[in-house]
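Could you build the full structure based on these sequences and the hints that come with them?
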Amino acid sequence: MVSTQSVIATNSGLQYLPKSTESVQESSPNQELLPLTAKVNSLDHLEIGGWDVPALVEKFGSPLYIVDEDTLRTACRQYRDALKQHYPGESLVLYASKAWSSLAVCALCGSEGLGIDVVSGGELYTAIQAGVKPDKIYFHGNNKSQAELTLAIETDCIIVVDNWLELETLAALKNQQKEEVQNPTKIMIRFTPGIECHTHEYIRTGHLDSKFGFDPNQLNDVFAFISKEELLSLIGIHAHIGSQIFEVQPHQDLAGVMVDAMTTAMSYNLPIKEINIGGGLGIRYTEADDPPSIETWVHKVSTAMVDACQARQLPLPKLLCEPGRSIIGPACVTAYTVGSQKQIPDIRTYISVDGGMSDNPRPITYQSMYRAVVANRLSEASTETVTIAGKHCESGDVLIKNATLPATQPGDCLVVMATGAYNYSMASNYNRLPRPAAVLVSNNEVNVILQRETYQDLLNQDTLPERIAMGNNSI
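Here numbering that gives the first Met the number 0 is used: the first residue of the sequence shown is 0, the next is one more, and so on.
Just so you know, these hints were derived from the structure itself, not from any lab.
Please read these numbers as outputs of a predicted model, since none were measured by experiment.
The C-beta atom is built at its ideal place from N, Cα and C for all residues, glycine as well.
Watch out, some of these pointers could steer you wrong.
[Stated by the list, open to error] Here are the simulated lysine to aspartate or glutamate pairs, EDC-like style, with alpha carbons at most 20 Å apart:
no., residue 1, residue 2
1, Lys317, Glu294
2, Lys58, Glu452
3, Lys299, Asp252
[Unchecked claim] Just the calculated beta-carbon pair ranges, DEER-fashion:
no., residue 1, residue 2, range
4, Lys132, Asn446, 19 to 25 Å
5, Asp220, Asn182, 23 to 29 Å
6, Asn446, Asn216, 47 to 53 Å
7, Tyr365, Lys132, 30 to 36 Å
8, Asp134, Ala406, 53 to 59 Å
9, Gln342, Met368, 20 to 26 Å
10, Asn268, Asn216, 20 to 26 Å
11, Met265, Gly60, 52 to 58 Å
In structure tokens form, the structure reads like this:
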């Protein structure tokens, strides 16, 4: 059920505020457009985590990612507690760190008892440096390098094997180890379950035509191979059906497919202890979005897994899920400063901000839709329909088409909602723009968790051959 919004002034920024903070912990963050602590203060400014947003921009600059700690922790706890309530067996929530991988976010999720899902050596290194225990780190990816696999083995995390090359490389690396360090490496097998869901074509990963995972017809051969490898310990199976999903039924259907695969593994004397049903629960980016709550999703998935095991008279495995977007997405907003305006009579009005596709590539990549408010005049009624453009040298650098806002002026603080997932993690230095800073806010303090890049940072990996530099000096 979508939580009630506080509609105080029609078509103003106030309509996007969450319901009363007295029941913040009962709200499902993925069903809100703004972080759970968002409110309007006495200055008519947007406030998040007890901090005035325009004042944060004045102090830390813009664009600025603002992460609300309470919203992030609430999402973690709702997943964790719902699994404990609805699933009678052992369970573990993994934060899919590809949504936002940084020391602070990984450490915060880890402090709430979550494990971390990583998909590269860099994400693995980040999780380790954040203090996450290796036995709670699961390493995914469809083309892990030998160096990444070696790091994973040395780290002693769980490796989610995606394909034959990876499986054979792992076996070879393990057999090359010295006898005194030959402890079995824990692995899971990822396969495509053949389940479709209604989401963007680029983020469907469960159907058979996908770059991820073994084909289900290969599972017998895979399990036969693993059964002969003493240094590979198969602890579980994994599948993921997509992202930004509002339907619950596909995940319910997935339970039966996973338990059947578990049965197949058992026929090769491979006792599966864990089943990872992936993540993918959607969030609310616009008023039209109506995702199920975290608790509802977990309840349905847990019940389906219990029913599937009971129907086959099998013990319950440890149940894992790996949400990313629904944990970090609603917890963050991006604050910009408004600059120039261009009016094209009878066609369109553009207002430009000091960021764009380099800090949020999702609109130009996925045609993603967002909502925005003028944070320094939150209750002012909206009177204009404008297109919010970025500052990059691309006609397609548009954050929001047909945004309804009050009349804006240069210097206004414009906030785009629900930007925690795949904004910072996909950010670039296109046009040599430094990537933004990020702050973590709570009622007691504000902490910089990502330093704003400088022009010098842009040159740190550049090298200038001496002969070219000398040639320039001689002109």
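These are the hints, each one checked on the structure:
no.	hint	in the structure
1	Lys317 to Glu294	holds, 18 Å
2	Lys58 to Glu452	holds, 16 Å
3	Lys299 to Asp252	holds, 10 Å
4	Lys132 to Asn446: 19 to 25 Å	holds, 23 Å
5	Asp220 to Asn182: 23 to 29 Å	holds, 26 Å
6	Asn446 to Asn216: 47 to 53 Å	holds, 50 Å
7	Tyr365 to Lys132: 30 to 36 Å	holds, 34 Å
8	Asp134 to Ala406: 53 to 59 Å	holds, 56 Å
9	Gln342 to Met368: 20 to 26 Å	holds, 23 Å
10	Asn268 to Asn216: 20 to 26 Å	holds, 21 Å
11	Met265 to Gly60: 52 to 58 Å	holds, 57 Å
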